[in-house]
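Q: The primary structure of each chain is shown beneath.
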Amino acid sequence: MEMFFHGFMQRAFQASFLISLIAPILGLFLILRRQSLMADTLSHVSLAGVALGLLIGVNPTFTNILVVSVIAIVLEYLRVVYRTYSEISIAILMSAGMALALVLMGLNDGGATLSMNQFLFGSIVTISEQQVWMLLILTIIIGLLYLIFRKPLYILTFDEETAFTAGLPIKTMSVLFNILTGITIAVTMPIVGALLVSAIIVLPAAISMRLSNRFNGVILIGIVLALIGMFSGLVVSYKIGTPPGASITLILLIVFVITIFMKKILHYIKREKLFKSTDMSVD
Amino acid sequence: MHYIEVKNLAFQYEEERILENISFEVGASDFVMLTGENGAAKTTLLRNILGLLKPTKGSVQLSPINRLGERLVIGYVSQQVASFNAGFPSTVLELVQSGRYQRGKWFKKLDKDDREHVRRSLESVGMWEMRHKKIGELSGGQKQRISLARVFATDPDLFVLDEPTTGMDTNSREEFYKLLKHNSSEHGKGILMVTHDHEEIRHYADKHIELVRKEDSPWRCFSMDSCKELSKPLS
Numbered sequence: 001m002e003m004f005f006h007g008f009m010q011r012a013f014q015a016s017f018l019i020s021l022i023a024p025i026l027g028l029f030l031i032l033r034r035q036s037l038m039a040d041t042l043s044h045v046s047l048a049g050v051a052l053g054l055l056i057g058v059n060p061t062f063t064n065i066l067v068v069s070v071i072a073i074v075l076e077y078l079r080v081v082y083r084t085y086s087e088i089s090i091a092i093l094m095s096a097g098m099a100l101a102l103v104l105m106g107l108n109d110g111g112a113t114l115s116m117n118q119f120l121f122g123s124i125v126t127i128s129e130q131q132v133w134m135l136l137i138l139t140i141i142i143g144l145l146y147l148i149f150r151k152p153l154y155i156l157t158f159d160e161e162t163a164f165t166a167g168l169p170i171k172t173m174s175v176l177f178n179i180l181t182g183i184t185i186a187v188t189m190p191i192v193g194a195l196l197v198s199a200i201i202v203l204p205a206a207i208s209m210r211l212s213n214r215f216n217g218v219i220l221i222g223i224v225l226a227l228i229g230m231f232s233g234l235v236v237s238y239k240i241g242t243p244p245g246a247s248i249t250l251i252l253l254i255v256f257v258i259t260i261f262m263k264k265i266l267h268y269i270k271r272e273k274l275f276k277s278t279d280m281s282v283d
Numbered sequence: 001m002h003y004i005e006v007k008n009l010a011f012q013y014e015e016e017r018i019l020e021n022i023s024f025e026v027g028a029s030d031f032v033m034l035t036g037e038n039g040a041a042k043t044t045l046l047r048n049i050l051g052l053l054k055p056t057k058g059s060v061q062l063s064p065i066n067r068l069g070e071r072l073v074i075g076y077v078s079q080q081v082a083s084f085n086a087g088f089p090s091t092v093l094e095l096v097q098s099g100r101y102q103r104g105k106w107f108k109k110l111d112k113d114d115r116e117h118v119r120r121s122l123e124s125v126g127m128w129e130m131r132h133k134k135i136g137e138l139s140g141g142q143k144q145r146i147s148l149a150r151v152f153a154t155d156p157d158l159f160v161l162d163e164p165t166t167g168m169d170t171n172s173r174e175e176f177y178k179l180l181k182h183n184s185s186e187h188g189k190g191i192l193m194v195t196h197d198h199e200e201i202r203h204y205a206d207k208h209i210e211l212v213r214k215e216d217s218p219w220r221c222f223s224m225d226s227c228k229e230l231s232k233p234l235s
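Those protein sequence lines, which keep their order, are chains A and B. Taking the numbering used here, the leading residue of the first sequence gets 1, the next gets one more, and so forth. Taking the numbering used here, the leading residue of the second sequence gets 1, the next gets one more, and so forth.
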C-alpha cells in the first residue's frame with residue numbers, strides 16, 4: 001500500500017489509467033487497417049524527436065510531437081504510393097527514424113545518454129504532472145473524436161472504397177488518425193518506453209478481438225484488459241524494479257496466451273456437448 | 001435525369017492503354033448491365049466512374065443530386081472486400097445497419113424506420129436468421145449477400161454493383177434481379193451492374209453495354225460497341 005503514497009506512483013497510475021482508455025481504441029483501428037507496425041515505426045521516429053529536443057535544449061515531448069506528426073503524414077503518403085506493399089513505408093521510415101536518432105545523439109556528445117535511456121525503456125519515476133495533464137487532454141480529444149466519428153471510422157476501417165463512395169473524406173481521416181497515433185506515442189513514450197509503446201497500444205485490442213464479435217465490445221474489453229495489464233505491470237515494476245514497459249508487455253502477453261488457451265478449451269467443451277446431444281437424438 | 005454521364009473516357013495504366021472511347025449515360029430508373037470477357041476492364045471502368053481512379057482522357061459526371069433534388073446517394077458493392085477475411089469484429093446486423101449511416105445518420109441514432117429497413121434488407125437476401133453471426137465466419141456466398149443487404153439498407157439512388165451474384169444459385173439470382181428491377185421501375189433507382197449472366201438478366205435490364213477488345217490496338221485495350229436498348233418480352 002505504501003507505494004500509493006509516493007507522488008510519482010500516483011502520477012504513474014493516473015497516466016496508466018488514461019493510456020488504458022485510449023490504447024484499445026487506437027490499437028483496434030491500427031490492427032484493422034493493417035497498420036500495427038505503424039505504431040512501432042512512429043515510436044522509432046519519436047526517438048529522433050526526443051534526440052532533437054535534447055540537442056537543441058527544448059522539452060523533448062514537444063519536439064517529439066512535431067517530428068512524429070510530420071512523419072505520420074509522410075507515412076500516409078507512402079502507404080498510398082506503395083498500396084500493395086504497404087510494409088515498405090514502415091521499413092523505410094523505421095530505419096530512417098532510428099538512424100536520425102543515433103546521429104542526433106552522436107552530435108549531442110553523449111550528454112543525453114541518461115535521458116535517452118529513459119525514453120528507450122520508460123520510467124515511472126520521471127512522469128511529471130505536465131505529462132499527466134497532456135495525457136488527460138489527449139484522452140479527452142481521442143474519446144470525443146471516437147464518440148463523434150465512430151460510424152465514419154467503422155466504414156473507413158471496413159473498406160476504404162466503400163467509405164469513399166459513401167462520400168467520406170478518407171484521406172483527411174487517415175492523416176488525422178495517423179497524427180493522433182503519433183501524438184499518443186510521443187506522450188506515452190516516456191512512461192512505457194519507445195521500444196514497447198506499440199505493444200501496449202496493439203496488444204489489448206489484439207486480445208479482445210478474440211473475445212468479442214462486436215466492434216464496441218472489442219474496445220470495451222480492450223480497456224479492461226489494458227487496465228489489468230497497466231496496473232499490475234506498474235505494481236511489478238515498483239516491487240522488483242523492472243522497466244514498466246517490459247513488465248506491462250509481459251503481463252499482456254501472459255493474458256494473450258491464457259485467452260488462446262481458454263478459447264481452445266471452451267471450443268472443445270462446446271464441440272463435445274454438441275456431439276453428445278447429436279448422439280442422444282440419434283438414439 | 002442522368003445520374004452518370006461518361007463522355008469519351010479513356011484510361012491507361014503507365015504506358016498501357018486499357019479503356020478507350022467509352023460514352024454512355026445511366027439515368028434515374030435505368031437498369032444498365034455491363035458485360036465483357038474476363039479481364040475486359042469492367043471493374044476498372046466502374047472505379048473510374050466512382051472516382052476511385054482518374055480517367056486519362058474524357059470525363060465522368062456523377063450528378064450531385066437525385067431526381068427529388070436531394071444529395072445523390074450511391075450504393076457500391078465491390079467484387080471483394082478485404083476486411084471480410086481478416087476477422088473484422090462485427091456482426092452481420094452491425095454491418096448492414098452501417099448502410100443506413102449514409103442516409104444522414106452519420107451522427108444520429110438509428111430510429112425505428114432505419115431498423116425496419118435493415119430487417120427488410122436482410123430478409124430480402126435470406127440472411128435475417130444469421131444477423132448475430134460474426135461476418136468473418138460466413139461463407140463466400142453469404143458475405144456477398146450481406147454486402148447486398150447493406151446496399152439495400154442504404155436505399156441508394158444509384159446502385160453500382162460489381163458481379164453481385166457470384167456464389168448465388170439460379171433461384172436467388174432470379175429473385176435478386178426482380179428486386180433490382182422493382183427498385184428501378186417502381187422507385188426510380190439507377191442501376192449499373194457488371195455481370196456475366198447477360199442471358200439471365202436481359203429480361204430485366206433496359207440497356208446493355210458490352211466491352212469488346214480493340215483489334216487495332218497494340219495493347220489489351222477495350223472499348224464499347226454501343227449501348228443497346230434491350231427489348232422486353234411481351235408480358
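Wrong hints could be hidden among the right ones.
[Claimed, not checked] DSS-like cross-link-like pairs, simulated, lysine-lysine; straight-line CA separation at most 25 Å: (1) B:K108 with A:K264; (2) A:K151 with B:K108; (3) A:K171 with B:K54; (4) B:K133 with A:K276.
[Said to hold, decoys possible] Interface residues of chain B toward chain A, partial, derived using beta-carbon atoms under 8 Å: (5) L50; (6) S78; (7) P89; (8) T91; (9) E94; (10) S98; (11) Y101; (12) R103; (13) G104; (14) W106; (15) W219; (16) C221; (17) S223.
[Claimed, not checked] Listed next, the stretches of chain A that the computed footprint assigns to chain B, with coverage defined by at least 3 CB atoms under 8 Å from CB atoms of chain B: (18) 142-153; (19) 158-172; (20) 215-223.
Derived by calculation from the structure, the hints in this document are not laboratory data. Owing to the predicted nature of the structure, the values given are computational and were not obtained by experimental measurement. Positions of the beta carbon are idealized from the N, C-alpha and C atoms, including for glycine.
Q: Check each numbered hint against the structure and report the violated ones by number, ascending.
A: 1, 12, 13, 15, 16 and 17
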